[in-house]
Amino acid sequence: MPQHVVIAGGGFGGYYTARTLERILPAEVPVTLVSDVNYMLYTPLLPGAAAGTLEPRHVVVPLRERLKHTELRLGWVTGGDPSRRALRVELAAGESVDFDYDQLVVALGSVSRAAPIPGLGDHAIGFKTISEAISLRNRLVRHLEAAEATDDVDLRRQYLNFVFVGGGYAGLEGAAELYDFATDVLIHYPRCRQTGMRWVLVDAAPRIMPEIQPELAGFTLRLLRRRGLEVMLETQVTRVTDAAVELSTGETIPCRTVCWTAGVKASPVAERLGLPLDRGRIVCDETMRVSGYENVWALGDIAAIPDPARPGEACPPTAQHAIRQGKLMAHNVAAALGHRPEIQPFRFKTLGAFADLGRQNAVANLMGARVRGFPAWAIARFYHLAWIPGFKSKVRLIADWTMDFWFPRDVAELGQLGHPPRLAEHVVPSQLRQHESGGAAVADSSAA
Numbered sequence: 007m008p009q010h011v012v013i014a015g016g017g018f019g020g021y022y023t024a025r026t027l028e029r030i031l032p033a034e035v036p037v038t039l040v041s042d043v044n045y046m047l048y049t050p051l052l053p054g055a056a057a058g059t060l061e062p063r064h065v066v067v068p069l070r071e072r073l074k075h076t077e078l079r080l081g082w083v084t085g086g087d088p089s090r091r092a093l094r095v096e097l098a099a100g101e102s103v104d105f106d107y108d109q110l111v112v113a114l115g116s117v118s119r120a121a122p123i124p125g126l127g128d129h130a131i132g133f134k135t136i137s138e139a140i141s142l143r144n145r146l147v148r149h150l151e152a153a154e155a156t157d158d159v160d161l162r163r164q165y166l167n168f169v170f171v172g173g174g175y176a177g178l179e180g181a182a183e184l185y186d187f188a189t190d191v192l193i194h195y196p197r198c199r200q201t202g203m204r205w206v207l208v209d210a211a212p213r214i215m216p217e218i219q220p221e222l223a224g225f226t227l228r229l230l231r232r233r234g235l236e237v238m239l240e241t242q243v244t245r246v247t248d249a250a251v252e253l254s255t256g257e258t259i260p261c262r263t264v265c266w267t268a269g270v271k272a273s274p275v276a277e278r279l280g281l282p283l284d285r286g287r288i289v290c291d292e293t294m295r296v297s298g299y300e301n302v303w304a305l306g307d308i309a310a311i312p313d314p315a316r317p318g319e320a321c322p323p324t325a326q327h328a329i330r331q332g333k334l335m336a337h338n339v340a341a342a343l344g345h346r347p348e349i350q351p352f353r354f355k356t357l358g359a360f361a362d363l364g365r366q367n368a369v370a371n372l373m374g375a376r377v378r379g380f381p382a383w384a385i386a387r388f389y390h391l392a393w394i395p396g397f398k399s400k401v402r403l404i405a406d407w408t409m410d411f412w413f414p415r416d417v418a419e420l421g422q423l424g425h426p427p428r429l430a431e432h433v434v435p436s437q438l439r440q441h442e443s444g445g446a447a448v449a450d451s452s453a454a
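Start counting at 1 in the sequence shown, then tack on 6, and there's your number in our numbering.
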C-alpha cells in the first residue's frame, strides 16, 4: 500500500510543502492537505486588501488551482493520536473522520493573541484573516455613513474615532493603509469632514516595531504623526465597550472601531494533537521533526524550530521562514519515505523585513541595510510581486496597483456580501398583505 502523507494547514508552510512534494514524490504516493479554507492567504498584502487598494480575491492563492496532484479536503483539525498515526478532522460537510497517515506535517499557523481585557473579545476586531480585513473596511465605510447621517455630534465623534492596538508590522501597516483610505474618501462626507476624524495607535512598549533598527522605527513614528495619526507609547487598553476605549493613562476615547493587532499565538489546536509543546508551539528539532516522533513534523507559526541565526531561540513566525521551511520540509518528508538521500537541518537567515506605510512610503531592513521612503516602497512591491505564487496572481497585483495609481478609491460598503437576507425578508409588509389577499402584486413584481 502506498505511503500516505497528510498535511494539516494550507498557509505558507502547508502550501509550499505540498507544492514541492508534488514535484519530487512519485505520483503513486498520495498527499492529502486538510485546510479550513480552499485558498492560501498572502498575508503581507492584507492591509492593501483592507484599504481597497487590492481586490481581496487577488491576495489569496486558490489551492485547487495550484496543487494539481494533492487531495484537498476542506475541514477543521480537531485532534490527533500520534500513537495510532491518526488525525481527527471535522469535514466541511459535517462528519468527523480520522485520517490515517505514514507522515504527518502540522502547519496550522497562528491566531490572534487576545489579552484578558474587559470587553475586548466582544467589541474589538482582529486583523489576521481576509474576512477580518474586509469586515474592517466595511465597518469603516459604514461608520462614515452613520456619522454623516446623524445629527448627534457626540455620536458622530464615536463613529469617527478609530483605535488600533499594537505597534508591530500588522498594526502599523493596517492603521496607515486604512487611515489613507479614510482621508481620501472623506471628501464625499462633508459633515464628517467638518467634525474631523481621530486615529489612535496604542502600544504598551516604549517604541514601535522592535523588529527593526531604532532609526527606521523613529522615521516611521515621525511620518505617522506628521500625517495626523496619534501614536501612544507605553500605554495600555484597560477596557473596551461598544462606544469607548479606556486607556491606562486615564483617558477614555469615544470609539466604535477597535482593531486588535497586539501579537499572535500558535493555533490552540496544537494542544489537542498529543505532541510536546513549548509555550504553545510544537517542539521540533533542527530538521523540523517533532521531538520524540519519527513520522510527525511541524513548521511555521505553530512550530518551535531552533533558529540557526539566534542560538537558543525559535524561528520567528514570519512568512519568509514558513516558505523556506515548507520547501525543505518536502525534501525531508521525501527522505523519510526513501525518495531523497538524507534529512537536512533548517538553515535560513532572514533576508529583510518591510513595513508599507502608504502614500508610496515604506521602511525596510535588508540584511542590515536600512532603506526608507519611496525606494523601500518600490523594493517591497517588487518583492511581493516575485513571491506571490502564480502568474495570474502577479498580473492581478500589477493591475490593481495601476488602477489605484490612476483612479480614486471606491467607497461602496458591501457588508451584506456573504450574508444575504432570507427570501422572506425581501417582502415588505404592503407586498405581504397583497400576497395574502391574492398574490397579484408579488406576481407582478416577480415578472418585472
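Hints listed in this document are in silico derivations from the structure and should not be mistaken for laboratory results.
Check before you lean on any hint, since a few could be wrong.
Heads up, simulated EDC-like pairs for lysine to aspartate or glutamate below, C-alpha to C-alpha not over 20 Å straight-line [what the hints assert, rightly or not]:
1. Lys271 / Glu217
2. Lys333 / Glu71
3. Lys333 / Asp291
4. Lys271 / Glu138
5. Lys398 / Glu34
6. Lys398 / Glu348
7. Lys333 / Glu292
8. Lys271 / Glu348
9. Lys333 / Glu138
10. Lys271 / Asp313
11. Lys271 / Asp42
12. Lys271 / Asp284
13. Lys74 / Asp157
14. Lys74 / Glu61
15. Lys134 / Glu151
16. Lys74 / Glu28
17. Lys355 / Asp313
18. Lys400 / Glu61
19. Lys74 / Asp42
20. Lys355 / Asp410
21. Lys134 / Glu28
22. Lys134 / Glu217
23. Lys400 / Glu71
24. Lys74 / Glu138
25. Lys398 / Asp410
26. Lys134 / Asp42
27. Lys398 / Glu61
28. Lys333 / Glu28
29. Lys355 / Glu217
30. Lys398 / Asp416
Verification of the supplied hints:
1. Lys271 / Glu217: holds (17 Å)
2. Lys333 / Glu71: holds (19 Å)
3. Lys333 / Asp291: holds (17 Å)
4. Lys271 / Glu138: Holds, at about 17 Å.
5. Lys398 / Glu34: violated (29 Å)
6. Lys398 / Glu348: violated (35 Å)
7. Lys333 / Glu292: Between Lys333 and Glu292 the Cα gap is close to 15 Å, so the pair holds against 20 Å.
8. Lys271 / Glu348: Violated, at about 32 Å.
9. Lys333 / Glu138: Violated, at about 29 Å.
10. Lys271 / Asp313: It holds: about 18 Å lies between the C-alpha atoms, which stays within 20 Å.
11. Lys271 / Asp42: holds (18 Å)
12. Lys271 / Asp284: With a Cα-Cα distance of about 12 Å, the restraint between Lys271 and Asp284 holds, given a limit of 20 Å.
13. Lys74 / Asp157: violated (57 Å)
14. Lys74 / Glu61: violated (25 Å)
15. Lys134 / Glu151: Roughly 25 Å separates the two Cα atoms, so the pair is violated.
16. Lys74 / Glu28: holds (8 Å)
17. Lys355 / Asp313: holds (8 Å)
18. Lys400 / Glu61: The hint holds at about 13 Å.
19. Lys74 / Asp42: holds (18 Å)
20. Lys355 / Asp410: violated (34 Å)
21. Lys134 / Glu28: violated (29 Å)
22. Lys134 / Glu217: Roughly 19 Å between the alpha carbons, so the hint for Lys134 and Glu217 holds.
23. Lys400 / Glu71: Measuring from Cα to Cα gives roughly 15 Å; hence the hint holds.
24. Lys74 / Glu138: violated (29 Å)
25. Lys398 / Asp410: Answer holds: Lys398 to Asp410 is near 18 Å, not above 20 Å.
26. Lys134 / Asp42: With a Cα-Cα distance of about 15 Å, the restraint between Lys134 and Asp42 holds, given a limit of 20 Å.
27. Lys398 / Glu61: Status holds; Cα separation ~13 Å.
28. Lys333 / Glu28: holds (11 Å)
29. Lys355 / Glu217: holds (14 Å)
30. Lys398 / Asp416: violated (23 Å)
Violation of the numbered hints given earlier is confined to hints 5, 6, 8, 9, 13, 14, 15, 20, 21, 24, 30; the remaining hints are satisfied by the structure.
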